[in-house]
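One-letter residues, chain by chain:
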Amino acid sequence: MLIINNVSKSFGQKRALDHISLEVPDGIIYGLLGPNGAGKTTLIRIINAITAPDSGEALLDGQPISLENAAQIGYLPEERGLYKDMRVGEHVRYLARLKGLSDLQAREQMNLWFKRLDIESWRFKNIEELSKGMAQKVQFIATVIHRPKLLILDEPFSGFDPVNADIIRQEILRLNREGTTVILSTHNMESVEAMCNRITLINNGRAVLQGDVQQIRQQHRKGIYRVVRTIDGEQVEQNVQKLPGESNNALIQRLVAEGEISTFEEILPSMNDIFIQTVQS
Amino acid sequence: MSNKIALIISNEYYMRVTKKSFVILTLLTPILFVVVLVLPALIMNIGSDSSVKTIAVIDRSGLYREAFTDRDDCKFIFVDDDLQQARKQHSEVTGFLYITGDLTDSLQTACYYSDRQPNSELMLDLRKQLSKYVNQKRIDSYGIPNLSEIIAESTQRVKITTVKWDKNGSEHLTSSSIAEMFGLLSALLIYMFIFAYGGMVMQGVVQEKSNRIMEILISSVRPFELMMGKIIGIALVGLTQFAIWVLIGGITMAYILPAFMPETQMSSAESVAQLSAMQQNNEFQEIVTTLMGINLMKIIVLFVLYFIGGYLLYASMFAAVGAAVDNQTDSQQFTIPITIPIILGIFVAIYATNNPDSSLAFWCSLIPFTSPIVMLVRLPFEVAWWEIVLSLIILYLSFVGTTWLSGKIYRTGILMYGKTPTWKEIWKWARYN
Numbered sequence: 001m002l003i004i005n006n007v008s009k010s011f012g013q014k015r016a017l018d019h020i021s022l023e024v025p026d027g028i029i030y031g032l033l034g035p036n037g038a039g040k041t042t043l044i045r046i047i048n049a050i051t052a053p054d055s056g057e058a059l060l061d062g063q064p065i066s067l068e069n070a071a072q073i074g075y076l077p078e079e080r081g082l083y084k085d086m087r088v089g090e091h092v093r094y095l096a097r098l099k100g101l102s103d104l105q106a107r108e109q110m111n112l113w114f115k116r117l118d119i120e121s122w123r124f125k126n127i128e129e130l131s132k133g134m135a136q137k138v139q140f141i142a143t144v145i146h147r148p149k150l151l152i153l154d155e156p157f158s159g160f161d162p163v164n165a166d167i168i169r170q171e172i173l174r175l176n177r178e179g180t181t182v183i184l185s186t187h188n189m190e191s192v193e194a195m196c197n198r199i200t201l202i203n204n205g206r207a208v209l210q211g212d213v214q215q216i217r218q219q220h221r222k223g224i225y226r227v228v229r230t231i232d233g234e235q236v237e238q239n240v241q242k243l244p245g246e247s248n249n250a251l252i253q254r255l256v257a258e259g260e261i262s263t264f265e266e267i268l269p270s271m272n273d274i275f276i277q278t279v280q281s
Numbered sequence: 001m002s003n004k005i006a007l008i009i010s011n012e013y014y015m016r017v018t019k020k021s022f023v024i025l026t027l028l029t030p031i032l033f034v035v036v037l038v039l040p041a042l043i044m045n046i047g048s049d050s051s052v053k054t055i056a057v058i059d060r061s062g063l064y065r066e067a068f069t070d071r072d073d074c075k076f077i078f079v080d081d082d083l084q085q086a087r088k089q090h091s092e093v094t095g096f097l098y099i100t101g102d103l104t105d106s107l108q109t110a111c112y113y114s115d116r117q118p119n120s121e122l123m124l125d126l127r128k129q130l131s132k133y134v135n136q137k138r139i140d141s142y143g144i145p146n147l148s149e150i151i152a153e154s155t156q157r158v159k160i161t162t163v164k165w166d167k168n169g170s171e172h173l174t175s176s177s178i179a180e181m182f183g184l185l186s187a188l189l190i191y192m193f194i195f196a197y198g199g200m201v202m203q204g205v206v207q208e209k210s211n212r213i214m215e216i217l218i219s220s221v222r223p224f225e226l227m228m229g230k231i232i233g234i235a236l237v238g239l240t241q242f243a244i245w246v247l248i249g250g251i252t253m254a255y256i257l258p259a260f261m262p263e264t265q266m267s268s269a270e271s272v273a274q275l276s277a278m279q280q281n282n283e284f285q286e287i288v289t290t291l292m293g294i295n296l297m298k299i300i301v302l303f304v305l306y307f308i309g310g311y312l313l314y315a316s317m318f319a320a321v322g323a324a325v326d327n328q329t330d331s332q333q334f335t336i337p338i339t340i341p342i343i344l345g346i347f348v349a350i351y352a353t354n355n356p357d358s359s360l361a362f363w364c365s366l367i368p369f370t371s372p373i374v375m376l377v378r379l380p381f382e383v384a385w386w387e388i389v390l391s392l393i394i395l396y397l398s399f400v401g402t403t404w405l406s407g408k409i410y411r412t413g414i415l416m417y418g419k420t421p422t423w424k425e426i427w428k429w430a431r432y433n
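If you read the sequences in order, they're chains A and B.
First residue of the first sequence? That's 1 in our numbering, and the numbers climb one at a time after it.
First residue of the second sequence? That's 1 in our numbering, and the numbers climb one at a time after it.
By construction, these hints were calculated from the structure, which means they are not laboratory data.
Result set (DSS-like, lysine-lysine): computed pairs, CA atoms no more than 25 Å apart in a straight line:
no.: 1; chain 1: B; residue 1: Lys20; chain 2: A; residue 2: Lys84
no.: 2; chain 1: A; residue 1: Lys125; chain 2: B; residue 2: Lys19
no.: 3; chain 1: B; residue 1: Lys75; chain 2: B; residue 2: Lys132
To list a few chain B residues with every Cβ distance to chain A over 10 Å, as calculated:
no.: 4; residue: Pro40
no.: 5; residue: Tyr113
no.: 6; residue: Gln117
no.: 7; residue: Trp245
Cβ atoms here follow ideal geometry from the backbone N, Cα and C, with glycine treated the same way.
All chains should be built: construct the whole structure from the sequences, respecting the hints.
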């Protein structure tokens, strides 16, 4: 679907992206991670044809990205903005039509989404009257209304309460099931674990970690196990570190000596830990 | 592509015209204007003392009894007393006019005494009445028959009519004062329009930048289309507002204003009109023939072309400023470079009314930043067609160029956080689609 090939981009002396390459296959949810100022937003802007790379290329379905095929992309920027003076319905329709929908298509899609997110009553409200979360929902609809093949979401959950964050999460998953490829840029590692198939971690403009989420967690395992035993008639829960070279069975035998084991499971490192560890090293 | 521009135009237009503040401002401005126009007349009507004034004349010379005839608002009584005595006896009068002797003698004076600050209008009336009488007496004293008529005849106003030959040798009346009036009036209109609505363009661009909607817009449309749509959409807003004002103004002039006009003023206006009817008639005819001489249709068409072209060019410059700065406060100081060429244009326009064929006027009517103003002033003086066509082409091409440039700056500006772009960077951006 999307191929980023050896892309570099500098602003003056600062190198924002340094030979980044990544590939987003069709139909997956791809996580774009990295600390603040790592270059994620610059990369997303290159994908959106807002800015051009100094070197390297960004290909969408094998074609260099320009305004013509950028209509297949839906982009929710991190810093959101809508015209304050417009009504919700008019605004959504306007953005849909700028993305190339006909007036009729725009109306149909808008009605569909307003029903789906249960915001029909906002249609004639001014954007100005909306709360931050409400405006966020409107912006989400404006991002997906033209049925893009590729959806780029920059911090899609910020500003939402847990209930609405979950509604948006479900909608993203639904779109993904229906065939939309999603690039998710977020600092929320729980949602990365829950939603993303693959990730790229960018730090100082370089891709420092790339691959399948489960594989990455496997690679970063530290041999820590959660063990629940009955010792002297009492239930004790512990995290136990495996010794170097020790097999699981050897560990269990060591543990069994002190009491009856009722639970034994490996704890994979969270993406949060991996993120911190990778960025700090 | 043009489809998207049309979409942006209609959105910019609709968004602004349906705003409450637009509706209120559009309706309120003419009302304010009317109030400013009518209020002084009303106040004068209310404030003017309608009671009949009485003035006591103490005439030591005894020559001027006939100079004072009673009018509707002013009566005269003649008193022979000493000033202080008269004051005690006639406390009901408004004031005392004390004439010490024959006023043709420079040592003698007329002096007005009263308890209150005298009304300047009344003083003017008294002075006129008295000097007219004294003058007439003087003329009569020469004993030459029909002298008044002779004097009236001899004060003949001399006018020079200017006639211009065209190539075929036929004659055209010209009038530099009408050209000047016309040119300056249209310059003022263009200036007002540029600042009101060019400023609106700049504000719109700055807002788009500061509320970050531009990231969404720029990934959907070309910046050039965005700028073009915004500039034209706001121009239509401005024209709508102007049209409404002209309409309201017309109705006001025709129906409302006459109702407020005080009767007395009307009658005095009528008498003035009668007095100078002959003269005015002449001048009116002159205006008509002059306008015919400079071809009214041509002027109107060219005025519209330059008016719109001038607005578009300056609006695109305002858009470029809006695209380059980060916030509203910064934008104010950047408008100064835009103001300077307009002011320059107005000065050159004033100069050009006297020297329409000078090289300064010629070049400034080709340079797009001044041509909308300067060319309009030169138009009544038979400008060659090629000059007009060339200057219009330059004007509209510059507009497209500046809009294109402002689109590039807009896109580049997204990534420039407080950093000034270098020319090399701007060139790189300009080439990128």
